[in-house]
Amino acid sequence: MASLEKRSPLQLIAPYVRVFDGPLMLIVILIMTVGTITLYSAGIDFPGRIEDHLRNITLSLLVMWIAALVPPQLLMRFAVPLYVGGVVLLLAVAQFGLIRNGARRWIDIGVVIQPSEIMKIAMPMMLAWFFQKREESTRWREFVIAGVLLMVPVALIMRQPDLGTALLVLGAGFYVVFFAGLSWKVIAAGIVAVLASLPIAWSMLHDYQRGRVLTLIDPTTDPLGKGFHIIQSTIAIGSGGLTGKGWLNGTQAHLEFIPERTTDFIFAVYSEEFGLIGNVVLLILYLLLVGRGMVIAAQAPTLFTRLLAGALAMIFFTYAFVNMGMVSGILPVVGVPLPFFSYGGTAFVTLGLGVGILMSIQRHRKLMQS
Numbered sequence: 000m001a002s003l004e005k006r007s008p009l010q011l012i013a014p015y016v017r018v019f020d021g022p023l024m025l026i027v028i029l030i031m032t033v034g035t036i037t038l039y040s041a042g043i044d045f046p047g048r049i050e051d052h053l054r055n056i057t058l059s060l061l062v063m064w065i066a067a068l069v070p071p072q073l074l075m076r077f078a079v080p081l082y083v084g085g086v087v088l089l090l091a092v093a094q095f096g097l098i099r100n101g102a103r104r105w106i107d108i109g110v111v112i113q114p115s116e117i118m119k120i121a122m123p124m125m126l127a128w129f130f131q132k133r134e135e136s137t138r139w140r141e142f143v144i145a146g147v148l149l150m151v152p153v154a155l156i157m158r159q160p161d162l163g164t165a166l167l168v169l170g171a172g173f174y175v176v177f178f179a180g181l182s183w184k185v186i187a188a189g190i191v192a193v194l195a196s197l198p199i200a201w202s203m204l205h206d207y208q209r210g211r212v213l214t215l216i217d218p219t220t221d222p223l224g225k226g227f228h229i230i231q232s233t234i235a236i237g238s239g240g241l242t243g244k245g246w247l248n249g250t251q252a253h254l255e256f257i258p259e260r261t262t263d264f265i266f267a268v269y270s271e272e273f274g275l276i277g278n279v280v281l282l283i284l285y286l287l288l289v290g291r292g293m294v295i296a297a298q299a300p301t302l303f304t305r306l307l308a309g310a311l312a313m314i315f316f317t318y319a320f321v322n323m324g325m326v327s328g329i330l331p332v333v334g335v336p337l338p339f340f341s342y343g344g345t346a347f348v349t350l351g352l353g354v355g356i357l358m359s360i361q362r363h364r365k366l367m368q369s
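Per numbering that gives the first Met the number 0, numbering of the sequence shown is gapless, rising by one per residue and ending at 369.
Bear in mind the hints are in silico, worked out from the structure with no lab data behind them.
Careful, some of the hints might be misleading.
Distance ranges between label pairs, derived from CB positions [stated by the list, open to error]:
| # | residue 1 | residue 2 | range |
| --- | --- | --- | --- |
| 1 | A188 | I36 | 24 to 34 Å |
| 2 | L282 | E134 | 27 to 37 Å |
| 3 | K184 | G47 | 52 to 62 Å |
| 4 | M203 | L97 | 20 to 30 Å |
| 5 | F95 | V151 | 15 to 25 Å |
| 6 | G324 | A200 | 18 to 28 Å |
| 7 | R209 | K184 | 25 to 35 Å |
Restricting the straight-line Cα-Cα distance to at most 30 Å, the calculated cross-link-like pairs of lysine-lysine (BS3-like) are [what the hints assert, rightly or not]:
| # | residue 1 | residue 2 |
| --- | --- | --- |
| 8 | K244 | K225 |
| 9 | K365 | K184 |
| 10 | K184 | K244 |
All residues carry an ideal CB built from backbone N, CA and C; glycine is no exception.
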């Protein structure tokens with residue numbers, strides 16, 4: 000007891016803080032800080048929005064800390080149950096899910112959840128586990144099985160319909176398959192097959208999804224309807240110029256021309272107020288986030304941890320690329336938030352879990368070396 004009394008408060012909390020990876024934590028905190036500053040401006044007309052955002056950040060950090068404590072070996076044990084449970088819940092959504100705004104994406108199991116969010120983490124964990132178990136004999140058959148494991152939840156999510164989440168889950172799984180050694184010839188053949196099947200895929204899209212693609216090509220065909228989002232967001236980005244209009248001075252946001260300005264289109268608010276220089280800074284932060292994740296992947300001791308870390312790092316890239324491309328008018332509007340930036344509790348928790356897993360991989364690698 001005497002030895003404990005002599006220790007300073009900093010020494011007492013140090014073991015709990017060391018679970019965080021310093022460089023990764025610094026990058027995430029910087030992105031969260033910039034996002035909070037932008038959200039304060041974007042959500043100034045939404046009472047309680049900034050308080051809710053700070054609560055989401057706190058919850059994300061808590062999830063991050065807990066995940067960082069979990070050994071990668073335990074994550075492997077959870078991979079199959081989490082994937083199977085996620086698929087079962089997606090099947091349950093298809094039969095008994097709640098319908099909101101024309102989409103069946105949620106299910107009430109005592110609490111209302113969106114099972115597709117689970118697959119953003121469960122999918123790369125499952126495929127990383129799959130290739131770890133077949134590390135000594137990875138042949139074309141293993142890639143076919145992996146493709147089936149990937150497409151089952153993707154198809155169920157697209158059926159809801161939720162194209163944005165389906166693309167994120169597809170990307171998360173594809174990164175694992177790619178890092179596992181998928182041949183470039185197969186990738187090229189897949190691209191050709193996708194291009195050839197576009198007419199069929201077009202006929203299978205819902206009307207609103209086809210509308211988004213047509214609006215992307217020419218938003219002026221419906222400037223007050225489907226094209227309104229893209230037109231107003233690109234006006235905001237362009238009006239920011241080099242240095243921006245200044246914090247709290249964005250006219251497009253505060254005159255309510257930018258829809259969903261605290262969530263999917265918050266990047267337009269940021270661009271208007273902080274300009275091209277601010278955008279470059281934010282892009283550098285996201286590149287550092289992805290880069291740090293790839294470094295952790297390269298240093299990971301097992302195939303499971305290398306594949307999982309690499310896929311998680313690229314998920315952050317996908318989130319940022321799709322959101323910025325969507326807001327800039329070069330990609331269709333699919334409802335993907337800007338990571339650690341946009342308002343939203345579910346995305347914050349999912350992304351925090353991903354960062355926590357990266358920290359766990361890095362932390363336990365160091366423990367194995369010491």
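Do the hints match the structure? See the list:
1. A188 to I36: 24 to 34 Å: Since A188 and I36 have Cβ atoms about 46 Å apart, the given range 24 to 34 Å is violated.
2. L282 to E134: 27 to 37 Å: Taking Cβ atoms as reference, L282 and E134 lie about 36 Å apart, which means the hint holds.
3. K184 to G47: 52 to 62 Å: holds (54 Å)
4. M203 to L97: 20 to 30 Å: At 24 Å between Cβs, range holds.
5. F95 to V151: 15 to 25 Å: holds (19 Å)
6. G324 to A200: 18 to 28 Å: holds (19 Å)
7. R209 to K184: 25 to 35 Å: Between R209 and K184, where Cβ atoms are some 32 Å apart, the hint holds.
8. K244 to K225: Distance of about 27 Å is within 30 Å: holds.
9. K365 to K184: This hinted pair is violated, its Cα atoms lying about 37 Å apart.
10. K184 to K244: violated (48 Å)
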